[in-house]
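Required output: the full structure, derived from the provided sequences and hints.
Chain order of the listed sequences is A and B.
First residue of the first sequence? That's 13 in this note's numbering, and the numbers climb one at a time after it.
First residue of the second sequence? That's 13 in this note's numbering, and the numbers climb one at a time after it.
No lab work stands behind these hints, which were simulated from the structure alone.
Careful, some of the hints might be misleading.
It does not matter which identical chain is used: a pair holds within one copy or between any two.
[Stated by the list, open to error] Cut-off 27 Å, straight-line C-alpha distance, at most; resulting in silico cross-link-like pairs (DSS-like, lysine-lysine):
| # | residue 1 | residue 2 |
| --- | --- | --- |
| 1 | Lys-52 | Lys-63 |
| 2 | Lys-19 | Lys-63 |
| 3 | Lys-138 | Lys-52 |
| 4 | Lys-63 | Lys-113 |
| 5 | Lys-53 | Lys-113 |
| 6 | Lys-19 | Lys-71 |
| 7 | Lys-113 | Lys-74 |
| 8 | Lys-113 | Lys-52 |
| 9 | Lys-113 | Lys-71 |
| 10 | Lys-74 | Lys-138 |
| 11 | Lys-53 | Lys-138 |
In this text, all values refer to a predicted model and were calculated from it rather than measured experimentally.
Number of protein chains: 2
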Amino acid sequence: MAMISQKAKYALRALIALARAPQSEPLVISDIARVHRIPKKFLEQILLDLKRQGLLTSKRGKGGGYVLLRPADKITYGEVLRIVDGPIAPLPCLSITAYRKCADCLDETNCETRQVFAHVADATRKVLDQTTIADAVAMPRHELLAS
Amino acid sequence: MAMISQKAKYALRALIALARAPQSEPLVISDIARVHRIPKKFLEQILLDLKRQGLLTSKRGKGGGYVLLRPADKITYGEVLRIVDGPIAPLPCLSITAYRKCADCLDETNCETRQVFAHVADATRKVLDQTTIADAVAMPRHELLAS
DNA sequence: GCCAACCCGATAGGATTTGTCAACTATACC
DNA sequence: GGTATAGTTGACAAATCCTATCGGGTTGGC
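This is how it looks when you write it as structure tokens:
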């Protein structure tokens, strides 16, 4: 029902890359794009979004590039997903950050679907709002066996 | 990121309606569609899908209609969503019922995104695979205050 | 045999996703 | 100040998915 978008995957990949980079060493778009196999122009849009929302800053010209604006452990998956994919809630009427009435819903308080998916939304947020980019960076890396 | 589809809402609404109907009294598509404000032709497709997957049975001709094939407490939200919206997992590589490698993923075991969203998928499934149509039917109905 | 009701395939408009392109602007460095 | 670097902007295009709609076909009951 609910695949996350390619855009979100790219955004997370890029942020993890930025978090792994030595502090104050800006990464340029082209490098991130090449190394992580992200279409460059698409990545530009994504990083711009993340910048506008205050996750990143950038410097132009030679020696420029993108840098995280906050420590990686202060950037949650939930925040990133909300920026690139919009609300996390599976129904508009369950979004905290962007509530909207379901178009055809007459009686929200009695909507069974809403009540069930409220639990889903809670469970999802519990994970996404507590997991940070730093957690991702710290994940164990299994050796890739050479063949 | 992950709204459930209109189709899923319709499917759930219809199933709840069928679960509320007195046993062995088939409901006809037109009635369900009218009462629950679902486009009739669209509902036909949905009910056919649900029938093909064994949730419903139907009888043609006069006095016909649709009937639940199993007690409502044996039909989970997860099952319904998988039928109408496809896999529940937020990444193809996390689907139990329909695993597929992510197109651009080189090293699945080390994919940070995968590891994080595995938790999301677990949490979601824990809700959806344990909640049944019967739970929905039993939900408390608040009085709608007349104005 | 005829009507009710389900069954099936095609199709279409719109939205969203995913990406591309061309041109512009700011910065560093010589 | 010129030039190469690198981010910024806005428009646009292909592909896919969602949400239906349409017309007819089939089956069963009376």
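Could you figure out if Lys-113 and Lys-52 sit no more than 27 Å apart (CA to CA) within one copy, between two copies, both or neither?
-> Only across copies: Lys-113 and Lys-52 sit 23 Å apart there, 37 Å inside one copy, limit 27 Å.
Taking 27 Å as the upper bound on the Cα-Cα distance, should Lys-19 and Lys-63 be classified as within, between, both, or neither?
-> Within one copy only: 15 Å inside, 35 Å across.
Intra- versus inter-subunit Cα pairing at 27 Å for Lys-113 with Lys-71 = neither (41 Å within a copy, 36 Å between copies)
Intra- versus inter-subunit Cα pairing at 27 Å for Lys-19 with Lys-71 = within (23 Å within a copy, 46 Å between copies)
Can you tell me if Lys-138 and Lys-52 fall within 27 Å by alpha carbon in one copy, between copies, both or neither?
-> neither (33 Å within a copy, 38 Å between copies)
Homo-oligomer pair classification [Lys-63, Lys-52; C-alpha up to 27 Å] = within (16 Å within a copy, 46 Å between copies)
Taking 27 Å as the upper bound on the Cα-Cα distance, should Lys-53 and Lys-138 be classified as within, between, both, or neither?
-> neither (33 Å within a copy, 39 Å between copies)
Could you figure out if Lys-113 and Lys-74 sit no more than 27 Å apart (CA to CA) within one copy, between two copies, both or neither?
-> neither (48 Å within a copy, 38 Å between copies)
For the identical chains here, do Lys-53 and Lys-113 meet the 27 Å Cα criterion within one copy, between copies, both, or neither?
-> between (35 Å within a copy, 25 Å between copies)
Same-copy or cross-copy closeness of Lys-74 to Lys-138 [CA-CA at most 27 Å] | neither (41 Å within a copy, 50 Å between copies)
Identical-chain pair category, Lys-63 with Lys-113, by Cα at 27 Å | neither (30 Å within a copy, 31 Å between copies)
In this structure, the earlier hints numbered 3, 4, 7, 9, 10, 11 are contradicted, and the remaining ones agree with it.
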